[in-house]
Amino acid sequence: MNKNKNKDDRCRNYSFPGQHEGEEVKLILRKHLIVLLPHLIYISLMFLLPIAFYIFFVPAVFPAFLIAPYERLFVLLLLIYYGFIWITAFMVWVDYYLDIWIITNERLLDIEQIGFFNRVVSELDLKRIQDITSRVYGVLPTMFGFGNIKIQTAAEERRFELKTIPHPVTTRRKITELYRAAREKDRFIFRDRDE
Amino acid sequence: MSQSFIIAVLTFLVIPLGIFFLFSWLIFYHLKRYGLKGDSTKKVAVFFRLSMIFISIIIIVTFFFINWDNIAIRDFIERSNINLFPTEYE
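Line order of the protein sequences matches chains V and L.
Counted the way the working numbering counts, the first sequence spans residues -8 to 186.
Counted the way the working numbering counts, the second sequence spans residues 257 to 346.
These aren't lab readings, by the way, just hints derived from the structure by calculation.
A quick note: this is a predicted structure, and the numbers were derived from the prediction, not measured.
Ideal Cβ positions, reconstructed from N, Cα and C, are used throughout, including at glycine.
Among the hints, a few may not be true.
As the list claims (entries may be wrong) - Computed list of lysine-lysine pairs in DSS-like fashion (alpha-carbon distance at most 27 Å, straight line):
hint : chain 1 : residue 1 : chain 2 : residue 2
1    : V       : Lys118    : L       : Lys293
2    : L       : Lys299    : V       : Lys22
3    : V       : Lys22     : L       : Lys298
4    : V       : Lys22     : L       : Lys288
5    : V       : Lys165    : V       : Lys118
Said to hold, decoys possible - Among the chain V residues that face chain L by a calculated CB cut under 7 Å, a handful are:
hint : residue
6    : Tyr5
7    : Pro60
8    : Arg63
9    : Val85
10   : Leu89
11   : Phe107
Said to hold, decoys possible - Covered by chain V, according to a simulated footprint, are these stretches of chain L (three or more residues, beta-carbon under 8 Å):
hint : stretch
12   : 275 to 281
13   : 313 to 327
Chain L with its partners taken away, still in its complex shape (with noise of 0.2 Å):
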């Protein structure tokens, strides 16, 4: 497993997908348990909760279909002015 590969684990699948997983359980249980019983508030719940499902199953896929050993993830982040991997000086 390349190191490219695993910081693109982190940042485009960890950290995204974990946000959206919080954020559609806040609005899924505020919506669930404020909302009005006997409206459609618990169909749109389900509606958004599955969305987020399938937005989320999209990302996944598309994560996978890109080869991460040609794109130069390391190289970008380090050219950068980020201290991720520190340089040892002599």
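Bound-form chain V, shown alone (with noise of 0.2 Å):
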């Protein structure tokens, strides 16, 4: 309980570039960090390679980069390696950072970040919402505790699908009650309106 009030509070420091006044962040989420274990393994195995390759293929193919001026020169071919494979495992962290939906008290916005030049911003009033379905299927899913969020909306509009989302049954219902809370002030604002 405690935990969930200090992530509450955290959410509420946060502010993006297009948020209006007095609209506050309520929830921030990020795909599950099991998403990133494919890239974890192919980088770790690109981080491997050139120390077996040192091991098995140098001193049978290669026996000169173990003497002196080359000896020196397959160190820095190695730093160079090694600088790409971090920027390669930067780019995937990039990736999965920047994609994104944040729940505010107004509104749902989902962005995907795919590659450095595609961005796509997509928007859903809380108020819109008509059904929301949270689903863990699988091992693993149930395992880790991911899953996915299915939102309807009014009309023949879009359904947002928020993917991999971890605990999805728990933001579920935190979504349900932010919709309820978004709906009880449209009715609060309607009727001082009426009166």
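Assemble the dimeric complex from its two separately framed chains, guided by the hints.
Laid out in structure tokens, this is it:
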């Protein structure tokens, strides 16, 4: 409970470009860290590759790399290689980090970063939500506690899908609470106008 | 300045460090522009930039520790099939 309260307080400090006046960030969602696992395995393998190359391949095929001037050349090549690996790792991380769902007291923003030069931002008014479904399907999602949330909006508008997010059930409940609060606020505004 | 050295500067310094600079700037720019304000994005962006500068410095230092005149890069390129140094045929 206390942990959730701290998380709420932390979210309140966040802001994003295009935020409305009086709009409060209630929830920040990113994909579950498990989506990074294949990239992590790939990058680890790429990281270990030169070491394996040095142990098994160099003595047999390029013995010159073990002798004086070429030894340093090998180190230089290794450093350049690791520089590229480091950049690749950060590119993956940026792609993960900037893929985000921001839920405020007014709307839901779905920001998708695809590579460096493709960014899709969609938004949905919380009051227009008609149906929210959370789904945890499969062994890994059940074990690690991640899943999808589908949000159906009014009329023929597109369906929002929050994929591989952690704790989908809790998040669905929270979105429902925010939806109710938004509706309630709206009703009060209309009542005030009528009076 | 030997030819080996010039080739080495181009191959091992200018091109890789140019790519490093471009990508580190791109990543830094994206984090700074699109990252949420109030979380640790800025710290991560600065950490990444510094790490790239650190790697680049180590590369430059290693580069100048190599005696390029003793390394037969030119011979290697000539012996391979790249037509960088066209030979005149009589």
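Now for the hints, and whether the structure bears them out:
1. V:Lys118 / L:Lys293: 26 Å, holds
2. L:Lys299 / V:Lys22: 21 Å, holds
3. V:Lys22 / L:Lys298: Roughly 20 Å separates the two Cα atoms, so the pair holds.
4. V:Lys22 / L:Lys288: 20 Å, holds
5. V:Lys165 / V:Lys118: Holds, at roughly 14 Å.
6. Tyr5: 4 Å, holds
7. Pro60: 4 Å, holds
8. Arg63: Because about 5 Å separates arginine 63 of chain V from the closest Cβ in chain L, which is inside the 7 Å limit, the hint holds.
9. Val85: The hint holds - valine 85 of chain V has a Cβ within 7 Å of chain L, the shortest such distance being about 6 Å.
10. Leu89: Hint on leucine 89 of chain V: holds, closest Cβ of chain L at ~5 Å, below 7 Å.
11. Phe107: 6 Å, holds
12. 275 to 281: holds (count 4)
13. 313 to 327: Holds, because 9 residues of the stretch 313 to 327 of chain L bring their Cβ atoms closer than 8 Å to Cβ atoms of chain V.
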